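Asks: Sequence:
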Amino acid sequence: MAYYRQVGEVPAKRHTQFRDPEGRLYYEELMGEEGFSSDSSLLYHRGVPSAIVATEVWELPDQTRTPNHPLMPRHLKLHSLETGGDPVTGRRLVLGNNDVRIAYVVTGTDTSPLYRNAIGDECVYVESGSGTVESVFGVLAYRTGDYVVIPRATTHRWCPAEPSRLYAVEANSHVAPPKRYLSRYGQLLEHAPYCERDLYGPTGVLLDEGSDVEVLVKHRAGGQILGTRMTYATHPFDVVGWDGCLYPYTFNIDDYMPITGKIHQPPPVHQVFEGHNFVICNFLPRKVDYHPLAVPVPYYHSNVDSDEVMFYVGGDYEARKGSGIGIGSVSLHPGGHAHGPQPAAIEASLGVDYFEESAVMVDTFAPLDLGEAGRAVEDPAYPWSWAGRSLSGNAEDGGEDPAVFSNS
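Just so you know, we're using UniProt numbering here: the sequence shown kicks off at 1 and counts up by one.
The hints are simulated quantities; they were obtained by calculation from the structure and are not laboratory data.
As the structure is a computational prediction, the values presented were derived from the model and not from experiment.
As a list, the in silico DSS-like pairs of lysine-lysine whose alpha-carbon atoms are at most 27 Å apart:
| # | residue 1 | residue 2 |
| --- | --- | --- |
| 1 | LYS262 | LYS287 |
| 2 | LYS179 | LYS287 |
| 3 | LYS262 | LYS179 |
All chains, please: the whole structure from these sequences, using the hints.
Replies: So this is what it looks like as C-alpha cells:
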C-alpha cells in the first residue's frame, strides 16, 4: 500500500550512518517488493537481521488438495469444523489452488509463534474477536470485521485478546487495492469505496530482546509449500524505527461504502482487494436497485473464467430452506456451473429496497481444490438445492423460504 508512514526513530537521510547513544551502528534492512522496483520500507535493527544459528524442518498442517471432481457446487459449514490452537499453527486448509489458499481457525487466547509467510501476502478476515498482531513494524490492533493485510516475509505473531474466528486468505502474490481505485501515484481516488483514512497501520516499536529466537517460515521449494524453523541470534523485534510504504495494516468492512445502482450491480463493484489471479469482494448491508422494474437479487450467472467462494458472515441466511446456507457457511460455485438465487426468492425480492447481509467473496481465475478442512464439513445435499431435492433425489420438506435473498 503506497501510503507513507514513519514509526520510531530514523535518520534524516536513508543509507547513512545511524548510531545508538553508545555509538554503535544500527543495522539497516530494506524490505522491498519486485526487486527494488516497487513499495518498500527501511527498518533499523539493533542486531544483524540475517544472523541465523540453526534451521530445521517445520512440518506444516495437512496441505492436501482434492480436485472438485465430479464438478459440482459445494457448501462447507465452517462453524462445524473442529479447530483450535493459535492463529497460525491452528489453521486448517479449506480451499486452494496454485495462486491462493483459504484456511480457517478458531483460536483461544494463545499467542502464536513468530511466523513469516515467504510465499505471498496474507489477507486475514476477522470473523469475530480482537487482539493485536505484533511485527517488526510494531503493534497492529485488530477487531471483528477487520481485514488484516500482512506483506510477504513480515515476521509477526498473533496475540488474541479473546477467542477469535479467522478466515485466512494466503496469496502467492501481493494483495492490494484494485488498480482502478488508485491514481498513477498510488492514492485512493474519489470513486473508490474507501480511502486512506480507513486504513490503520502499526503503532510503536517493540524493542524485544533475546537470543536464539525461533521463527516459523512458510516457503516454496520444488513446487511444494514447505515449512522451516529458523533460529535467529537476536530477536527480530529489535527494530528502533522504520519508514516507508510497505507494512501491515487493517481495514474494517464497516468503513466500506457500498456502490449501488438503478439495476442490479455485478460483483466487481463490491471489490475491496486483488491479488494475482484472484479478487476479494465484500457484500454488505445496503440499499438496492431502484428502477421500478428492478429485480434486486442477482440473475443466474456462469462464471466461465472463475470459481466463486462466498463466506457468509452476517444477515439472515438461516431461513434459506432448500440451500442450507447460514452464518459460517462457505459456498463454492465453480466455473462451468450456472448459479444464482433460490427460485422462489426472485419473485419475493421484487419491491425490496434494502438487503441486510454481510459476506466475504473470493473469486479465483483458476479452479479451486478442496482442502482437508473443506472435505470434513461439506453438506452433501447442497448441489441439488435449486431443484428442491435432497441427496437421495426426494423433494425437500417445507420447500423454500421466499423471504431470503442471496448474492451468491
